[in-house]
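Quick mapping for you: the protein sequence lines, in order, are chains A and B. The first sequence: position 210 = 210 (the working numbering), numbered continuously. The second sequence: position 192 = 467 (the working numbering), numbered continuously.
None of these hints come from the bench; they were simulated from the model. Ideal Cβ placement from N, Cα and C applies to all residues, glycine included. Every clue listed holds true.
Quick list of in silico lysine-lysine cross-link-like pairs, DSSO-like style, CA-CA up to 27 Å: (1) A:218 x A:117; (2) A:209 x A:123; (3) B:409 x A:33; (4) A:32 x A:247; (5) A:262 x A:32; (6) A:162 x A:141; (7) A:32 x B:411; (8) A:33 x A:262; (9) A:54 x A:262; (10) A:54 x A:209; (11) A:32 x B:409; (12) A:33 x B:411.
Simulated restraints on C-beta separations: (13) B:519 x A:174: 20 to 30 Å; (14) B:519 x A:204: 32 to 42 Å; (15) B:519 x A:101: 25 to 35 Å.
Stretch-level coverage of chain A by chain B, calculated; a stretch enters the list once three of its residues show a Cβ under 8 Å from a Cβ in chain B: (16) 73 to 80; (17) 180 to 187.
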Amino acid sequence: MATMEFVQGTRAAAGPAQPAASPGVRPKIDVKKFNFFYGAAQVLYEVDLELPEKQVTALIGPSGCGKSTFLRSINRMNDTIPGARAEGTIAIDGRDLYAPGVDVVALRRRVGMVFQKSNPFPKTIFENVAYGLRIGGIKDKRVLDEVVEQSLRRAALWDEAKDRLGASALALSGGQQQRLCIARALAVGPEILLMDEPASALDPIATQKIEELIYELKDNFTIVIVTHNMQQAARVSNRTAFFMLGKLVEVGDTNSIFMTPKEKLTEDYITGRFG
Amino acid sequence: MSVDADSTLRNYPPKMQPASMSKRPRQVREVISVGLLAFSAFLIIAILAVILGNIAYSGIGQVSWEFLSKSPQAGLTEGGIFPAIFGTVALVILMTIAAVPFGVATAVYLHEYTPAESPRVAWNRYQSARAGEKGKLFRHFLSAVLATITRSAVANLAGVPSIVFGLFGLGFFIQFVGRGLDRATQAPGEIHWGQGNILWAALTLALLTLPTVIVATEEALRTIPSDLRAASIALGATRWETIRRIVLPGALPGILTGAILAVSRGAGEVAPILFTGAAYYLPYLPKRLTDQFMELGYHVLILSTQSPDVEATKPLLYGTVFVLLALTFLLNLAGVLIRSRTRSKMRVGG
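Please work from the sequences and hints to get the whole structure.
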């Protein structure tokens, strides 16, 4: 499933090659001159960004800076909003996902998403995780069992859920529900995981579990996480991108962004002078 | 600002009268108004109690196995009402088959596929769009217009008096569709479809029920959080897969409840079937769609207006009304039970 093609008419991303973000790590997601509009209102301006493979990139910035819009552009969840329009390219493994002929349904199976508020389906724990497989046409009970177990293990929920896979997902606690949503996203076999403030509605202990989980998942997945929590960004991410008023202000290794930001705006934001 | 309002402002705040003088009339007025309001509320209960009590008191004694299983006899002054019960049930089933899928499909289209915004907003969006986007946003605008027209058509359909539906059924289904079918399939002069029958009556009744089904279904779809739709779409589901696997299963109890309540309302209507297939008396049960049928509501009308012996018919009339009420009440009860069962299920989820 990992090799699923989402581009029918292949088209390489435009523009000259940029130096890799970190030496030896190729960019999984390559964003070039990306603009985004809601009708006449522009919300993203000329974003150029490389997101390296199997690393966690945190998107930070004040509310309304466009970081969530940017996140949702990577799996084209903004497509459903009338009047939404994208310019420029976002390429995954060198293929522009805004090129004509892209199968968005296949794209979203490669790019999983976890939402701010946990949103399990009103089904059993098992059926929540199996959902993506079932719509993919997989009926074989052995395959389903195996993938459900593997996904729940990866989402650190297996030990808590293995004895009640047939119970309603809604009976789980908030933190467990969010980990279930992560397991559900993992079951489809994505390479990239988008997380939109995944812990903002959780208590500190549940938040810590999610953060530990993100830290483990980055060995296998390219993760992009939007967060309002500076400490969280510092704890879980390898790289941090700071957005403001729709523009990418600064991007770099998380340590250098937090210790020695190059831009005055970044420094003001992370030290809490605004935002 | 008018002169009146001006002077009111100038005299503000008003000089208060001594409390002892104003208090009593105000208290009296309070008691009178509360009394009047409570009286109208209790009046409702009283009216219902008198209707139900009267019918139950005089009707329940009539209900026997014989009454439920026999045909009317001796010019409707003796015997039972089995053909009318059978006809009512058959009619309601046919009507449900016609109205519910059609109504649910309309509601799903309206709620899941047409824009949530008004045509005006969609038009403004279209006008401010760039050349490349115009086509897409114009289709979006047309879709918003279609949704608005459909919704007001549904609302207006709900306001049409039921006798008009009856006349429409006669004109459209019998005269137009039925006669047309006969002309195409039967020998000249032979009438097969071009007269009242249980199919045309059920379809006419379905039209009457349709707005209620649509509104109830849309209401049920609205209760499904958009988070769940987003989650499904983000997992690579198409819109239709999301509707089929997430939205419809979640909305199903609400849809069923709405459908049952709509059907039970339709089941008591006489006007739509008056000209479209209900029979005064039939010696046989309807077996084909082209057969006429007896129906409880219509039977009540016949018993109370066409009987040769009013006094002899009276007990039968009470019994028939009682059975009709009991059937509708059972349908309503089923709807309420389904609704309360799902409510408690939702609450467990928290």
